[in-house]
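Engineer: Sequence:
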Amino acid sequence: MKPIEVKRQTLRFHNGNAEATEDHVVTEYPVTVKLNEQELVTMVCTPEYIDDLVIGFLASEGIIKRYEDIQDFWVQEQEGIVHIKCEKVNPFYEKFQNKRYVTSCCGMSRQGFVFVNDALTVKKMKDFRIKLSVEDTFRLMGEMQKAATVFQHTGGVHNAALCDVNGMILSRMDIGRHNALDKIYGFCLRNQIPIQEKIIVFSGRISSEILLKVAKIGCEIVLSKSAPTELALELAEELGITTIGFVRGDSLNVYTYPERISIS
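For this note's numbering, add 26 to where a residue sits in the sequence shown, where the first one is 1.
It is worth saying that the hints were derived from the structure and are not from the lab.
For each residue, glycine too, the CB sits at the ideal point set by N, CA and C.
No false leads were mixed into what you were given.
Label pairs and their in silico Cβ distance ranges: (1) Gln35 - Thr175: 18 to 24 Å; (2) Gly182 - Asp98: 29 to 35 Å; (3) Val51 - Asp153: 41 to 47 Å; (4) Gln64 - Glu161: 46 to 52 Å; (5) His179 - His40: 15 to 21 Å; (6) Thr255 - Phe39: 30 to 36 Å; (7) Gly193 - Ala46: 40 to 46 Å; (8) Pro56 - Glu161: 38 to 44 Å; (9) Lys157 - Pro56: 38 to 44 Å; (10) Pro29 - Lys150: 40 to 46 Å; (11) Thr36 - Glu285: 44 to 50 Å.
No farther apart than 25 Å at their CA atoms in a straight line, the calculated lysine-lysine pairs in the DSS-like style are these: (12) Lys60 - Lys28; (13) Lys91 - Lys149; (14) Lys251 - Lys172; (15) Lys172 - Lys157; (16) Lys150 - Lys91; (17) Lys172 - Lys28; (18) Lys157 - Lys251; (19) Lys150 - Lys251; (20) Lys251 - Lys149.
Start from the sequences and build out the full structure, keeping to the hints where you can.
Structural biologist: Have a look at this one:
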């Protein structure tokens, strides 16, 4: 396994003084995915949980519908190549991969650029199966941050966690924020972990792409210590997702579907 972080000699300036010191720096590696012997994509990522990353990516892009569609999976670690063999592959994924249309997801009223594959793979949250207290949100964010040891060392990765109301189930990190969520999704698919009544806790900005990833996984609530974007909130409103940002200290902002959050 390739290292996740390395040490580098650094010249540090502080309060007008310079000193030679050592700093922890996160690594990144290209991983090429070959589907049925054809090159599909090259992703730059943090070198851990590569199998879950690829599985989550294939499912979120609509290339496969379920983990069982994968017949064989092997990794050439030194070469950075992942080989996937699938008999059942969505025949339209290449046609729709980079095609977008002026609409919002799932026939929504507002307008925005959404890729067709995104519109076909998101899950709309029609039910309210989970409810959190404000205290729960602070607790879950604290659990995710406590587990973010690579970020604490390097400051160079994004962190995500899958939680339920009782606590954190698993956490993943990557230099790519989308990658961290794909690693969670892939792990859940591979291990048949139910997504109902689950929450995504995230370290970075909730962009439209991140919101769509959450919708593809199928979680009703996303928490972040950072800000959402306008398009992300419009998508959340239409997809039935509770979006909470700026979870810091003793405050937070609930932007969409506050019905899932209780004060007491």
